[in-house]
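K.L.:
Protein sequences appear in the order of chains A and B. Residue 5 is where the first sequence starts when you use our numbering, and the numbers rise one by one after that. Residue 5 is where the second sequence starts when you use our numbering, and the numbers rise one by one after that.
Take the hints with a grain of salt, since some may be wrong.
Same chains, same label: a pair holds when it works inside one copy or across any pair of copies.
[Stated by the list, open to error] Here are the simulated PhoX-like pairs of lysine-lysine, each with C-alpha atoms no more than 25 Å apart in a straight line: (1) 284 - 201; (2) 49 - 121; (3) 121 - 253; (4) 270 - 286; (5) 7 - 253; (6) 270 - 121; (7) 284 - 270; (8) 201 - 78; (9) 7 - 63; (10) 49 - 63; (11) 78 - 270; (12) 253 - 286; (13) 63 - 78; (14) 78 - 265; (15) 334 - 253; (16) 265 - 253; (17) 78 - 121; (18) 78 - 253.
These aren't lab readings, by the way, just hints derived from the structure by calculation.
2 protein chains.
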Amino acid sequence: MEKPVRIALDAMGGDFGPSVVIPGANLFLERHSNVEFLMFGDREKVSPFLAQYPLLAEKTLLRHTDVSVGMADKPSQALRSGRRNSSMWLSLEAVRSGQADCAVSAGNTGALMAMSKICLRTMAQIDRPALAAIWPTMRGRSIVLDVGATIGADAQHYVDLAIMGAAMARSLFELERPTVGLLNIGVEEVKGIEEVKAASRLLQEIDSPLLDYRGFVEGDDIGRGSVDVVVTEGFTGNIALKTAEGTAKQIGAYLRQALSKNLMTKLGALIARSAFADLKAKLSPREISGAVLLGLDGVVIKGHGGIDADGFSGAIEIAYGMVSHGLLEKIRDMMSIANEPVAAVLGVGFDAEEAIERKADPA
Amino acid sequence: MEKPVRIALDAMGGDFGPSVVIPGANLFLERHSNVEFLMFGDREKVSPFLAQYPLLAEKTLLRHTDVSVGMADKPSQALRSGRRNSSMWLSLEAVRSGQADCAVSAGNTGALMAMSKICLRTMAQIDRPALAAIWPTMRGRSIVLDVGATIGADAQHYVDLAIMGAAMARSLFELERPTVGLLNIGVEEVKGIEEVKAASRLLQEIDSPLLDYRGFVEGDDIGRGSVDVVVTEGFTGNIALKTAEGTAKQIGAYLRQALSKNLMTKLGALIARSAFADLKAKLSPREISGAVLLGLDGVVIKGHGGIDADGFSGAIEIAYGMVSHGLLEKIRDMMSIANEPVAAVLGVGFDAEEAIERKADPA
């Protein structure tokens with residue numbers, strides 16, 4: 005039997021803490037048996053839930069801490085009060101020390117990101133981490149990054165995002181050569197963002213067997229699923245993600261309103277109810293319950309704060325998939341392979357600014 | 005009888021040119037009689053359509069030009085070949101010369117923006133124009149700007165956008181004191197965009213009876229209708245708009261797919277069909293068929309390129325509303341009123357950078 009995947013869980017994270025984390029872990033366990041959990045949290049609060057799932061309890065080491073990061077804590081505050089001893093920090097520390105293969109927390113995003121950066125550090129060659137969302141599309145699923153880890157990006161950071169996103173697509177969707185697009189706007193007269201244009205030129209140079217760069221995409225290409233990986237910087241990515249969530253909620257509300265208009269519409273809705281169940285499943289699938297922190301020296305998954313048990317089991321699923329398919333190794337491999345041809349074409353070492361200047365003036 | 009509103013129409017604009025513009029104008033005429041049209045386009049192509057609507061023909065002056073801007077033309081190209089003589093340019097020129105009160109074109113956005121800037125120029129005190137979208141929300145409609153006219157913004161430009169958007173909300177929605185929010189991201193540890201933060205501080209100073217600044221909003225607040233006016237710069241705004249459009253299409257596709265699954269769902273859909281008609285109307289209402297070019301010394305409305313006649317009549321409706329409610333005067337008034345208290349508090353004249361520095365260091 006293979007070595008079990010060891011998953012660290014922040015049992016106190018999210019709006020509902022252990023009341024969602026424990027049943028979520030149990031749901032996951034029903035799908036995957038070769039796994040062990042390392043849970044961090046307040047024993048008094050966690051144990052009663054754990055007691056309800058004897059099989060889960062057999063696979064779980066519960067480590068007590070009475071410190072937890074509040075959902076509304078600022079990252080600086082979380083670091084002051086929760087560094088080294090909070091359930092969130094200890095989950096990350098378990099990954100750093102090698103006791104766990106990955107960590108999952110539905111706790112506060114800012115705190116998780118700040119703690120991850122300090123505890124796990126970024127991978128060699130990567131300056132800044134990214135938050136990658138898994139986005140349901142008309143074709144299936146795509147990865148959109150960065151959705152809020154880092155505001156702004158230079159050309160090199162866009163290239164890093166493309167490589168990390170492609171590695172994630174290879175590992176999560178098991179694609180050989182994921183397609184990658186750079187988010188831009190179509191109004192042509194405006195000057196475009198210089199960094200985005202420069203990044204596009206660099207990505208065109210990367211003739212990698214592991215990444216298929218398709219050029220610019222626009223906002224509506226995300227839902228269309230035009231590419232497997234959509235690259236943008238954290239400010240725009242976060243707003244795109246939230247806007248899409250808002251639009252989905254809005255249309256859901258319109259639909260409910262329209263269907264409850266009169267007896268006929270109510271009857272129709274009742275008869276077609278399996279269709280609405282399908283739609284609901286499509287809009288809140290288990291698979292989109294987590295975002296991935298990329299660029300760290302460790303696998304960390306952030307579950308939505310308001311997640312339910314089924315959703316949390318989906319977040320664990322993502323972590324499990326990343327570990328099983330060797331995400332970190334894939335990123336490391338791609339970083340060297342993808343940058344090699346660019347470096348080869350453009351000069352020794354790899355400096356985006358310099359590379360662009362050289363392109364512009366080949367002499 | 006009041007003086008008629010004179011509307012200049014680019015009869016060749018959009019994917020379908022006169023075959024949509026003329027029936028659209030006729031639909032509009034059925035709702036508003038006190039109006040005259042000044043149409044620009046190829047007489048041979050326009051006249052046959054106009055001949056079908058005798059009442060419209062009586063209200064229309066058709067001016068011939070055989071030059072039109074292609075939907076795929078780059079702005080620079082459009083300016084080279086269509087400046088001074090294209091149907092688009094002539095529509096704008098009619099506004100500039102006072103022959104028309106406003107112009108409507110479903111032509112290429114980039115070209116329209118470039119030509120508007122040159123032909124009509126920006127209003128005093130406003131450096132750069134903006135493209136404002138009318139966004140359907142759970143509460144009704146909101147204005148989102150900039151959705152693509154100008155990439156990037158400094159604090160002062162955000163303030164200008166807030167003022168122009170509020171003036172538009174006052175004139176289009178007839179609100180006394182529209183609420184205004186600044187689009188930002190909620191992940192708190194990240195450093196935020198400095199300009200957005202600075203703009204927020206400035207907007208807090210504007211204690212105007214004409215504008216109610218509510219602070220930051222996030223992407224999902226747009227669809228929720230949390231504020232009447234959402235302010236952001238053109239890159240993010242364009243991507244948010246396109247992402248929302250993409251999400252709406254995607255959910256529509258999911259819904260159709262789910263409802264055609266089997267006999268039961270098809271039957272239910274048939275019985276509840278009036279609900280789906282309601283939903284469809286809600287998602288493509290006449291009211292969202294146009295975006296407004298703000299900050300120009302003239303009223304210019306951009307209809308979607310792929311617009312139909314009903315949609316185009318909606319774009320004319322927006323232009324008509326703007327003229328009837330004195331949009332330009334409202335913007336001019338607000339520019340002085342809204343900036344006065346800031347100027348009064350912070351020093352003579354109004355310089356955002358300087359104002360912030362003074363705030364930071366009151367000595």
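K.L.:
If a hint holds in the structure, say so; if it doesn't, say that too.
P.N.:
Hint by hint, here is what the structure shows:
Taking the closest pair of Cα atoms, residue 284 and residue 201 never come within 25 Å of each other, the shortest separation being 38 Å inside a single copy and 37 Å across copies. When the C-alpha separation of residue 49 and residue 121 is checked against a cutoff of 25 Å, the pair qualifies neither within a copy, at 28 Å, nor between copies, at 64 Å. Within a single copy, residue 121 and residue 253 get their C-alpha atoms no closer than 33 Å, and across copies no closer than 38 Å, so neither meets the 25 Å cut-off. Taking the closest pair of Cα atoms, residue 270 and residue 286 come within 25 Å of each other both inside a single copy (22 Å) and across two copies (19 Å).
For the identical chains of this complex, residue 7 and residue 253 are neighbours neither inside a copy (42 Å) nor across copies (45 Å), given an alpha-carbon limit of 25 Å. In the homo-oligomer, the alpha carbons of residue 270 and residue 121 never lie at most 25 Å apart, since the shortest distance is 51 Å inside one protomer and 52 Å across protomers. Both within a single protomer and between protomers do residue 284 and residue 270 lie at most 25 Å apart by alpha-carbon distance, with minima of 17 Å and 17 Å respectively. Within a single copy, residue 201 and residue 78 get their C-alpha atoms only as close as 34 Å, which misses the 25 Å cut-off; across copies the closest is 17 Å, which meets it.
Only within a single protomer do residue 7 and residue 63 lie at most 25 Å apart by alpha-carbon distance; the minimum there is 13 Å, versus 82 Å between protomers. Taking CA atoms no more than 25 Å apart as the test, residue 49 paired with residue 63 passes inside one copy only; the shortest distance there is 18 Å, against 76 Å between copies. Proximity of residue 78 and residue 270 under a CA criterion of 25 Å is satisfied in neither setting, with 46 Å inside one chain copy and 50 Å between copies. For the identical chains of this complex, residue 253 and residue 286 are neighbours both inside a copy (13 Å) and across copies (14 Å), given an alpha-carbon limit of 25 Å.
Proximity of residue 63 and residue 78 under a CA criterion of 25 Å is satisfied in neither setting, with 33 Å inside one chain copy and 63 Å between copies. Taking the shortest Cα distances, residue 78 and residue 265 never come within 25 Å of each other, neither inside one copy (44 Å) nor across copies (47 Å). Taking the shortest Cα distances, residue 334 and residue 253 never come within 25 Å of each other, neither inside one copy (36 Å) nor across copies (34 Å). For a Cα distance limit of 25 Å, the shortest separation of residue 265 from residue 253 qualifies both inside one copy, at 19 Å, and across copies, at 23 Å.
Taking the shortest Cα distances, residue 78 and residue 121 sit within 25 Å of each other inside one copy (15 Å), while across copies they are farther apart (44 Å). Proximity of residue 78 and residue 253 under a CA criterion of 25 Å is satisfied in neither setting, with 27 Å inside one chain copy and 37 Å between copies.
Of the numbered hints stated above, those contradicted by the structure are hints 1, 2, 3, 5, 6, 11, 13, 14, 15 and 18, listed in ascending order.
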